[in-house]
Amino acid sequence: MDQAAIRRKLTRWYDRARRDLPWRRTSDPYAIWVSEIMLQQTRVVAVIPYYERFLKRFPRVEDLAQAAEAEVLSLWSGLGYYSRARNMQKAARQIVEAGGFPRDYESIRALAGVGDYTAAAVASIAFGLPHAAIDGNVRRVVMRLAGDPSVDVGATATQLMSRRDPGRWNQGVMELGAVVCLPREPLCAGCPVSGECEAHRLGIQRNLPPPKKKPAIVRKERSLLVIRRKGRILLTPSARVSGFWELPEVFPGVRLGTKLGAFRHAITNSQYYFEVREARIATRPRECRWWDENKLGEIPLSTAAKKALRCLNASSIAP
DNA sequence: GAGACGTGGAA
DNA sequence: TTTCCAAGTCT
40 MDQAAIRRKL
50 TRWYDRARRD
60 LPWRRTSDPY
70 AIWVSEIMLQ
80 QTRVVAVIPY
90 YERFLKRFPR
100 VEDLAQAAEA
110 EVLSLWSGLG
120 YYSRARNMQK
130 AARQIVEAGG
140 FPRDYESIRA
150 LAGVGDYTAA
160 AVASIAFGLP
170 HAAIDGNVRR
180 VVMRLAGDPS
190 VDVGATATQL
200 MSRRDPGRWN
210 QGVMELGAVV
220 CLPREPLCAG
230 CPVSGECEAH
240 RLGIQRNLPP
250 PKKKPAIVRK
260 ERSLLVIRRK
270 GRILLTPSAR
280 VSGFWELPEV
290 FPGVRLGTKL
300 GAFRHAITNS
310 QYYFEVREAR
320 IATRPRECRW
330 WDENKLGEIP
340 LSTAAKKALR
350 CLNASSIAP
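Every position in the first sequence, counted from 1, becomes a number in the numbering used here once 39 is added.
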């Protein structure tokens, strides 16, 4: 591998690619950190509106530290991996207590919800520190450049990394992986470093990284209940995602009514088939609460509950 | 170290 | 329609 050529061509390519990403326009470590947390296992197009809404509401880390958890979760609702939001607020309070955003790798790594990848990304992008950020994109790009699935990705990425601008390099490799060096069908014709790529030379780029075995999808059928009384609707605290509210499922003493709709909802390795059904109760289960139907926008509602309420609204418009 | 954790877009 | 999996972290 001609490392210098790879470094030069790839950073030059990155300087011209995707200049519109909102987090490329900031040098605020807090904003960069927010973007990196949101981008964990989440596509750029999904993150952009959340990122902008989040920073508008919480422009400074102090604002996030002082916010109510329910509001943070509301702003996060729909993004997934909600422990990220809770950890972020925990970390925001750590930061405020420490008197400012941490400025070295170890201190950044110590924040709640920040692992090796995010610490390296923030340290390099916000502070120019020479830490290679290793994510799924970097693993794929490095394995392909080396043409070898057993290559030491961390060591190779560190060797390749620009010492002059580690943040630009890290983002460049990730961006290349995201838009050119795609997992299934890499766009080698448009790749700035295909001439330096060993996998491309050997024609094995589609086989790298080797496929991982997938756990079986479990299918589950459930009912979500719409129990209304005087403009209010019964919700139960989410058992899965604490801080969120759900429509109740079947429980002892409930009387089921007509079916209002159905939808699918996938959660990790489970594929749920939900039917939405009217229901009535004599006594309210202890954990449940009545919520004003006009104020549901103000509380953290699970995505499944939102989908269910959507078919509810559709049916009330066209009964 | 395997498994859990969310969601939605692309193939 | 189903399958894959994305700027990972935590337990």
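Among these hints, one or two may not hold up.
To be verified - With a cut-off of at most 27 angstroms between alpha-carbon atoms, the simulated DSSO-like pairs for lysine-lysine come out as follows:
(1) 346 with 259
(2) 298 with 259
(3) 259 with 345
(4) 269 with 251
(5) 298 with 251
(6) 345 with 298
(7) 269 with 259
(8) 251 with 345
(9) 95 with 334
(10) 334 with 269
(11) 129 with 48
(12) 95 with 48
(13) 269 with 95
Keep in mind that the hints were calculated from the coordinates and are not lab data.
Going down the list of hints, with the structure as the test:
At most 27 angstroms may separate the alpha-carbon atoms for a hinted pair to count; residue 346 and residue 259 meet this at roughly 17 angstroms. With a CA separation close to 18 angstroms, the supplied pair residue 298 and residue 259 stays within the 27 angstroms bound. A distance of roughly 19 angstroms separates the Cα atoms of residue 259 and residue 345; the hinted pair therefore holds under the 27 angstroms criterion. Proposed proximity of residue 269 and residue 251 is contradicted: the alpha carbons are some 52 angstroms apart, above 27 angstroms.
With a CA separation close to 40 angstroms, the supplied pair residue 298 and residue 251 exceeds the 27 angstroms bound. The hinted pair formed by residue 345 and residue 298 meets the criterion: a straight-line CA distance of about 17 angstroms does not exceed 27 angstroms. Between residue 269 and residue 259, the direct Cα distance comes to roughly 32 angstroms. Violation of the 27 angstroms bound is thereby established for this hinted pair. Annotation: proposed proximity of residue 251 to residue 345 is violated, straight-line Cα distance about 33 angstroms (limit 27 angstroms).
Straight-line distance between C-alpha atoms of residue 95 and residue 334 comes to about 22 angstroms, which keeps the hinted pair within the 27 angstroms bound. Pair hint residue 334 plus residue 269 holds up; C-alpha atoms about 14 angstroms apart against a cutoff of 27 angstroms. Between the alpha carbons of residue 129 and residue 48 the distance comes to roughly 40 angstroms, so the proposed pair goes past 27 angstroms and is violated. This hinted pair does not check out: residue 95 and residue 48 have alpha carbons roughly 36 angstroms apart, beyond 27 angstroms.
For the hint pairing residue 269 with residue 95, the CA-to-CA distance comes to about 36 angstroms; that exceeds 27 angstroms, so the pair is violated.
Violated hints, listed in ascending order, are 4, 5, 7, 8, 11, 12, 13; each of the other numbered hints is respected by the structure.
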